[in-house]
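S.K.: Chain residues, written in single-letter form:
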Amino acid sequence: MTMASDIHTAPTDSLKTRADAMFRTKRLWSFGLPGLVLLYLVYAFFAFDLPGLIDRARPENGAILMRDIYSYKTHVERDNRTGEMSYAIEGERKGEYPEGERPDWVTVDGDVTTVEMPEGHEVRYYPDHVEYDIPGYGTISARSEGRGVEATYPDGPMPDYISAARNRVMVVTDAGRVTITRNRTEVFRYFTGWELFFFTLDSPYHGLSAGELLSRATSGEAGAIWHDFWQNNMWRHADVAWALFETLLMAFLGTFGAAIVALPLAFLAARNFTPLMLVRQFFRRIFDLCRGVDALIWTIVLSRAFGPGPMTGALAILLTDTGSFGKMFSEALENVDDKQIEGIRSTGAKPVQRYRFGVIPQVTPVLLSQVLYFFESNTRSATIIGAITGGGIGLLLTQAMITQKDWEEVTYYIILVVMLVFAMDSFSGWLRRKLIKGDDGGH
Amino acid sequence: MADQTASGAGGSSSAQIRESYMAQTRRKRLYGGMILAVFVALMASGFITADARNAGGFWDGLHQLGAFPAAVMSEAAEKITDLPANLVKYFPALVETINIAAVSTLIGAAGGILLSMLATRGLARWPRLIPLWRRMMDVMRAVPEIVIALVLIFVLGGGPVPAMIAIAFHTVGALGKLFSEVNENASLKPVEGLTSVGASWTQRMVLGVMPQVAPNYLSYALLRFEINIRASAILGFVGAGGIGYELKNAMAWGIGRYDEAAAIFLLLFVTIVAVDQIGSHFRDRLTHGRKEEVLA
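Heads up: the sequence lines are chains S and L, in that order. In terms of the numbering used here, the first sequence has 223 at position 223, counting the first letter as 1, and numbering is strictly consecutive. In terms of the numbering used here, the second sequence has 60 at position 60, counting the first letter as 1, and numbering is strictly consecutive.
The following block holds chain S by itself, in its conformation from the complex (with noise of 0.2 Å):
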């Protein structure tokens, strides 16, 4: 109504002027803004030096990653110097054949010991020489001469796949990987598949298949497939399932006693329940301390006092979500309704009595699902302070990408960690719907 009575009174021309100016202010937003963070854009670009990121990147690393996660490589390798042999997965002495077992693609003749590869691709080690063939290209020879390698190729250009130095030969085919030094010499045979992720090459259900494992597990033997299983000294599941646990008991205590401890320090902080402003501004800045120093900080800090370790943890993240939820809390309260806390004063309750039947069933749903977001997220803080305070599925993920070997390793506990997080996310959710549908005023 009054619009229309505005259009009818309102001069045209000065309408129109205002509708222009409005339209230009706008157009001025809609592209000056686009255009600032372009602007920006382009500033980062050359801030985070990103031509030159093109020649520091190393994509071969990337290609090694990506082959290391869906494959592994056995090792088999001939110490030059006493002729001895040995087989090993991934080269670690915890995927060592036991003495006298070998691969049954190597075989042994005599003094001569064979190694088939892919695509016809064979290794002979001789005692004093090895021989290479390759298919199409022909056979190369070398043998340990004085401080080098002395080989011999097949006549004709040499392929690009053959590095060739006075005291190392390597080939690198899609077949695997050859190297010859004076010392030693190793052939790397690739496979598909995580290697030994049930069994290690120790147990005697290596190797078995599914059925014949249930059939002995059927018949007495379940405790020791799970000891087995459980105790694989490659893969140390009982280990990295207690990193899991570690992780979640950081958040959990970490979230939890937050909560605990920025309750009664909320009402504190909250304008309806203390008049005092000088006490109320006191708490808040103790919030606003506990949440400007970040756990990072807190972190550092306490692992100084604490020592490395998922206490360490938890504390640095019970410290920062004191903070988040001190503030969080003493807004949840200042917004309650006044009329139950009168209707229980009427009655002639206590203080205490009065706050908890008047306010706490009040805030109880928002604060509980507050708490419980944050347990969720807190999951994956814990990851990363675990990975700086030393304790948790963090600690394992750092040292596992810092030797920068074990990809496969890597992105299993990703895959826990992502799995951890989402069992979480839906547990969380879960559980708030339930509470907070279910929460007919406090229990």
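Straight-line alpha carbon distances no greater than 25 Å define the calculated DSS-like cross-link-like pairs of lysine-lysine that follow:
id : chain 1 : residue 1 : chain 2 : residue 2
1  : L       : Lys177    : S       : Lys434
2  : L       : Lys189    : S       : Lys26
3  : S       : Lys73     : S       : Lys94
4  : S       : Lys405    : S       : Lys73
5  : L       : Lys177    : S       : Lys327
6  : S       : Lys327    : S       : Lys339
7  : S       : Lys350    : L       : Lys28
8  : L       : Lys28     : S       : Lys434
Heads up, incomplete: computed chain S residues facing chain L, CB under 7 Å, no partners named:
id : residue
9  : Ala47
10 : Leu253
11 : Gly307
12 : Gly309
13 : Pro310
14 : Ile414
From the derived model, a few chain L residues whose C-beta atoms are all more than 10 Å from chain S:
id : residue
15 : Gln16
16 : Met22
17 : Ala23
18 : Arg26
19 : Lys79
20 : Thr81
21 : Leu83
22 : Leu87
23 : Leu94
24 : Pro127
25 : Arg128
26 : Pro131
27 : Glu184
28 : Ala186
29 : Val191
30 : Arg285
Simulated from the structure, these hints should not be mistaken for lab results. Bear in mind that the values here come from a model prediction, so they are computed numbers and not experimental data. For every residue, glycine included, the Cβ atom is placed at its ideal position computed from N, Cα and C.
Position chain L against the provided structure of chain S, taking the given hints into account.
M.R.: Showing chain L alone in chain S's frame:
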């Protein structure tokens, strides 16, 4: 009639009601008490377990809690004259941390807007694919930043870019979820109007939906920016550049260089508090501004 039945059944039924009410209350108290007991037991055993697994015990460490901050403070106080120089020295690192947070928030918000539009019922370009986009956002949210950052550091080398990508990735998921909740409340009438004049999907989203939800988007993006500053400081600590990296180095030098650590602590603290305050001021204004519009 009603009076008669009430008074007629009176004596026995009110006693019954009271009885059943009391029973209900008792049961509720019992459940409440049980949940509380389980919770307390969990907390206590959790703290004992965590304490046992920690390198130093809680009670042994408690009295040393002040030792490190005191050492840093006293050294900083001794070399108070160096403080301005140190602040200037580490300011570029701080700018880098803020840049990481800002760029990743911008990229994350752009990705989040797109994904949220694709994942909102009524707005989606391909309604059948809604569950796919939702799952995708869930996964992006679930992967901790540190994982992506460390993998990228291995491939790309150290520096701000791995951290930026890692945080942006997470931000897409986190903001996408919040944005799609906002989108659900947007009125579909402008969208329908635009459809009737033959607007393409992009035009409908940019002209029909975005103006409605922009203030909410902005408010969430500001909140995310605050979170991302913290995240980028933490990622620096694992080798992704910025002030976190400098802090790690300053800490590694140990006693004698704590004045630099103090300067970094100060910079980080002031930045976080400042962004927090400015952000909450603007977020307040965004929601208030909207209220005024509604009133006008």
